[in-house]
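Visitor: Using the sequences plus the hints, can you model the full thing?
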Amino acid sequence: MEILEFFSFLGQEAALFIVSMLPIVELRGAVPLGAALGIPWETTLTLALLGNLLPVPLLILFGRKILKWLQSTKRFGPFFRKYEEKLVHKAQSALKTSVMGLCLFVAIPLPGTGAWSGALIAALLDIRMKYALPAIVLGVLIAGVLMTLGSYGFVSFLSGI
Numbered sequence: 074m075e076i077l078e079f080f081s082f083l084g085q086e087a088a089l090f091i092v093s094m095l096p097i098v099e100l101r102g103a104v105p106l107g108a109a110l111g112i113p114w115e116t117t118l119t120l121a122l123l124g125n126l127l128p129v130p131l132l133i134l135f136g137r138k139i140l141k142w143l144q145s146t147k148r149f150g151p152f153f154r155k156y157e158e159k160l161v162h163k164a165q166s167a168l169k170t171s172v173m174g175l176c177l178f179v180a181i182p183l184p185g186t187g188a189w190s191g192a193l194i195a196a197l198l199d200i201r202m203k204y205a206l207p208a209i210v211l212g213v214l215i216a217g218v219l220m221t222l223g224s225y226g227f228v229s230f231l232s233g234i
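Count along the sequence shown starting at 1, add 73, and that's the number in the working numbering.
To be clear, the hints were calculated from the coordinates, so they are not data collected in a lab.
Treat the hints loosely; a few may be bogus.
As the list claims (entries may be wrong) - Capping the alpha-carbon separation at 30 Å, the derived lysine-lysine pairs in DSS-like fashion look like this:
#  : residue 1 : residue 2
1  : Lys155    : Lys138
2  : Lys155    : Lys141
3  : Lys203    : Lys159
4  : Lys147    : Lys163
5  : Lys203    : Lys163
6  : Lys203    : Lys141
7  : Lys203    : Lys147
8  : Lys163    : Lys138
9  : Lys138    : Lys203
10 : Lys159    : Lys141
Claimed, not checked - Derived CB-CB ranges, DEER-like:
#  : residue 1 : residue 2 : range
11 : Gln144    : Val218    : 34 to 44 Å
12 : Thr116    : Val161    : 30 to 40 Å
13 : Arg148    : Ile97     : 13 to 23 Å
14 : Leu127    : Arg201    : 31 to 41 Å
15 : Phe135    : Glu158    : 17 to 27 Å
16 : Ile97     : Ile215    : 38 to 48 Å
17 : Leu222    : Glu86     : 14 to 24 Å
18 : Glu86     : Ser145    : 31 to 41 Å
19 : Glu86     : His162    : 34 to 44 Å
20 : Lys138    : Lys163    : 26 to 36 Å
21 : Leu127    : Val218    : 10 to 20 Å
All values reported here derive from a predicted model rather than from experimental measurement.
Glycine included, each C-beta is placed from N, C-alpha and C at the ideal position.
Guide: Given below as structure tokens:
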């Protein structure tokens, strides 16, 4: 909630959109937040999807360079070296089924599996944009529906359709 308060001067919807763009929090944190704020599920899901997907193309294109730069810094280097090792390890098991594995990896609504991690895995493994982006988008859509069902309830979700 502190993150939301920081961006609250923009309004709840804009703050929710920005929160969904943040690494770690992403859609998985934004959807329950929208539910807690009483924002309609359609609005929350739309804003969370758009916000979560906005940085993905840039991460696919420049993720490897950004990670290498962060690893070269004295302050962040050790953390991002370990982070890359974890991503590559996760990627090896997740991508055994090719690009569909990337989609499933992103779709699982657990910490450390989301659009940011999926895009960085795609960058590290040189998965081309035309394959990685649709897989990540589909994974985020699946995670969004799962999080919305969990946060708003199945009946509430179906009544809005």
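Visitor: Would you mind marking each hint as holding or not holding in the structure?
Guide: How the hints compare with the structure:
| no. | hint | verdict |
| --- | --- | --- |
| 1 | Lys155 <-> Lys138 | 16 Å, holds |
| 2 | Lys155 <-> Lys141 | 12 Å, holds |
| 3 | Lys203 <-> Lys159 | 25 Å, holds |
| 4 | Lys147 <-> Lys163 | 25 Å, holds |
| 5 | Lys203 <-> Lys163 | 22 Å, holds |
| 6 | Lys203 <-> Lys141 | 23 Å, holds |
| 7 | Lys203 <-> Lys147 | 35 Å, violated |
| 8 | Lys163 <-> Lys138 | 20 Å, holds |
| 9 | Lys138 <-> Lys203 | 19 Å, holds |
| 10 | Lys159 <-> Lys141 | 15 Å, holds |
| 11 | Gln144 <-> Val218: 34 to 44 Å | 35 Å, holds |
| 12 | Thr116 <-> Val161: 30 to 40 Å | 37 Å, holds |
| 13 | Arg148 <-> Ile97: 13 to 23 Å | 18 Å, holds |
| 14 | Leu127 <-> Arg201: 31 to 41 Å | 20 Å, violated |
| 15 | Phe135 <-> Glu158: 17 to 27 Å | 20 Å, holds |
| 16 | Ile97 <-> Ile215: 38 to 48 Å | 19 Å, violated |
| 17 | Leu222 <-> Glu86: 14 to 24 Å | 21 Å, holds |
| 18 | Glu86 <-> Ser145: 31 to 41 Å | 38 Å, holds |
| 19 | Glu86 <-> His162: 34 to 44 Å | 37 Å, holds |
| 20 | Lys138 <-> Lys163: 26 to 36 Å | 20 Å, violated |
| 21 | Leu127 <-> Val218: 10 to 20 Å | 19 Å, holds |
This entry does not satisfy hints 7, 14, 16, 20, going by the numbered hints stated previously.
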